[in-house]
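Engineer: The lines below spell out each chain.
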Amino acid sequence: MSPFEPGDRVRVLDLGKPGHVRTPRYVRGKTGRVERALGEFRNPEDLAYGGDGLPRRGLYRVAFDQRELWEGYEGPAGDSLYVDVYEHWLEGA
Amino acid sequence: MERPHDLGGEPAGPVDRREHEVEDWERLTDAITIALDRKGVKTTDEHRRAIESLPDYRELSYYERWAAATENLLVEKGLLSREEIDARAAELSRAWGER
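Protein sequence lines correspond, in order, to chains A and B.
In terms of the working numbering, the first sequence has 39 at position 20, counting the first letter as 1, and numbering is strictly consecutive.
In terms of the working numbering, the second sequence has 94 at position 93, counting the first letter as 1, and numbering is strictly consecutive.
Simulated from the structure, these hints should not be mistaken for lab results.
Don't take every hint at face value.
Said to hold, decoys possible - Label-pair restraints from in silico Cβ distances:
1) B/Glu20 - A/Tyr101: 21 to 29 Å
2) A/Ser21 - B/Ile86: 39 to 47 Å
3) A/Gly94 - B/Leu8: 13 to 21 Å
4) B/Glu92 - A/Arg28: 30 to 38 Å
Claimed, not checked - EDC-like, lysine to aspartate or glutamate: derived pairs with alpha carbons at most 16 Å apart:
5) A/Lys36 - B/Asp7
6) A/Lys49 - A/Glu90
7) A/Lys36 - A/Glu87
8) A/Lys49 - A/Asp27
9) A/Lys49 - A/Asp71
10) A/Lys36 - B/Glu53
11) B/Lys78 - B/Asp38
12) A/Lys49 - A/Glu87
13) A/Lys36 - B/Glu3
Even glycine gets a Cβ: it sits at the ideal position worked out from N, Cα and C.
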């Protein structure tokens, strides 16, 4: 059922959603690679306001190239940053 | 729109790595917050949302944020009123003779 598989290229959506979200702004609009699927969890954006968080949403560990995230990044090429992102924040890229 | 905890990539100085003794009120704050979670009164996500909603987030220490967020959630859920919390705090302050 999982829409994404390890190795898939994905882009993080910029949903402009107010309130409690767990997608840091520095990855929004950025492209990364799915490292692995972490399972399905109740949606924290709904739980945060007293909801039941259902339906459960897939959570993915996404690897980003540091040079893609930070302008002028001076670390070694190949450095990655991993962020866990819920599926409704992702689209295929 | 962006919440104060979403700091990644902002200019910042070095991380303050000094340790400090955990104070009694900090232990209490931790215990009460976790107990309320375990009893199903609130969720971790509500706790995080309440912390991020604090207007003085940047001025507060870690457990000051926890205490303020827990107070706000208890009031929001109608379990305690501000007046009850303030009255109890004043009572404890008199009994303990400080703060």
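Engineer: Please go over all the hints and tell whether each is borne out by the structure.
Structural biologist: Results of checking the hints against the structure:
1. B/Glu20 - A/Tyr101: 21 to 29 Å: At roughly 28 Å between Cβ atoms, A/Tyr101 and B/Glu20 fall inside 21 to 29 Å, so the hint holds.
2. A/Ser21 - B/Ile86: 39 to 47 Å: holds (46 Å)
3. A/Gly94 - B/Leu8: 13 to 21 Å: Distance hint for A/Gly94, B/Leu8 holds at roughly 19 Å.
4. B/Glu92 - A/Arg28: 30 to 38 Å: Violated, at about 60 Å.
5. A/Lys36 - B/Asp7: Holds, because 14 Å separates the two Cα atoms, which is no more than 16 Å.
6. A/Lys49 - A/Glu90: holds (12 Å)
7. A/Lys36 - A/Glu87: The given pair, whose Cα atoms are some 23 Å apart, is violated under the 16 Å limit.
8. A/Lys49 - A/Asp27: With Cα atoms ~14 Å apart, A/Lys49 and A/Asp27 stay inside 16 Å; holds.
9. A/Lys49 - A/Asp71: Since the Cα atoms of A/Lys49 and A/Asp71 sit roughly 30 Å apart, the hinted pair is violated (cutoff 16 Å).
10. A/Lys36 - B/Glu53: Satisfied, since the Cα-Cα distance of roughly 15 Å is no more than 16 Å.
11. B/Lys78 - B/Asp38: holds (13 Å)
12. A/Lys49 - A/Glu87: holds (7 Å)
13. A/Lys36 - B/Glu3: The given pair, whose Cα atoms are some 9 Å apart, holds under the 16 Å limit.
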